[in-house]
Amino acid sequence: MPSGDPVDHAREKADLEKAARADGLDPAKDFPASRRPQPRQAGCGEGATVWTPDKRAALRVAVDLRAEVAKSTKRREPVRSWRREGRLPLLRGISRVPRPSVGLYLDVSGSTSEHWSDLAAIARGLRRDGVEVFVFDDGVRDWDCVSPLRAGGGTTWQPIREHATGRFDKIVVATDGYFFDSVDAIGGVEVVWLITPGGRKPAADFGRTLAWPEEGSR
Numbered sequence: 001m002p003s004g005d006p007v008d009h010a011r012e013k014a015d016l017e018k019a020a021r022a023d024g025l026d027p028a029k030d031f032p033a034s035r036r037p038q039p040r041q042a043g044c045g046e047g048a049t050v051w052t053p054d055k056r057a058a059l060r061v062a063v064d065l066r067a068e069v070a071k072s073t074k075r076r077e078p079v080r081s082w083r084r085e086g087r088l089p090l091l092r093g094i095s096r097v098p099r100p101s102v103g104l105y106l107d108v109s110g111s112t113s114e115h116w117s118d119l120a121a122i123a124r125g126l127r128r129d130g131v132e133v134f135v136f137d138d139g140v141r142d143w144d145c146v147s148p149l150r151a152g153g154g155t156t157w158q159p160i161r162e163h164a165t166g167r168f169d170k171i172v173v174a175t176d177g178y179f180f181d182s183v184d185a186i187g188g189v190e191v192v193w194l195i196t197p198g199g200r201k202p203a204a205d206f207g208r209t210l211a212w213p214e215e216g217s218r
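Mapping to our numbering: the sequence shown position 201 is 201, numbers consecutive.
What the hints contain is simulated information worked out from the structure, not anything from laboratory work.
One thing to keep in mind: the hints can contain errors.
Capping the alpha-carbon separation at 27 Å, the derived lysine-lysine pairs in DSS-like fashion look like this [to be verified]:
1) Lys170 <-> Lys201
2) Lys18 <-> Lys71
3) Lys170 <-> Lys71
4) Lys201 <-> Lys71
5) Lys201 <-> Lys18
The structure displayed is predicted, hence computed values, not measured ones.
Whole structure, please, built from the sequences with the hints as guidance.
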């Protein structure tokens, strides 16, 4: 049966769509179909979403990363409110609500360019959960989640290490794993490696690895 057949994966499709919408994502728009031409099956007319292996894999990654954010350490940040029980009128109150202390770092070296559209969609969803998003090559830069990803220079680890120290409790590093410098642990920061297809975990004795699902896996 062709890989783009949505009927053969109906249950998986429904579960992934539900999880994606919980992230505020639109599966039909936020995750582009594979660049390869895909055969259509009966009942899949123009405009129908074709669930290619690439698209299912990206949604699985989004769901797994959302779970990582949910498990992360929470920092309680002050939120001001004009109305709070027990306070006088016009006396501003302060409450504290938990915020995820998680940073997402996207590798924008040329070797990851094939997956930028999926990574950008995943980043937009995680940002809605309070995750801060950055791009890196031989330096770290803010990303506004609107501008397209663009290729930078070589891939180095030390700028990430310096940037994340004292800033986050957990970071997710989406990369192919090829760094030009030594990859050292970051004190007090949990690292999750999201390895893009064709990549490998960096030569490091720390961090957990979240592999991008291979094409055809269920």
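These are the hints, each one checked on the structure:
no., hint, result
1, Lys170 <-> Lys201, "holds (17 Å)"
2, Lys18 <-> Lys71, "holds (20 Å)"
3, Lys170 <-> Lys71, "holds (10 Å)"
4, Lys201 <-> Lys71, "holds (22 Å)"
5, Lys201 <-> Lys18, "violated (30 Å)"
Checked against the numbered hints given earlier, the structure breaks only hint 5 and satisfies all the rest.
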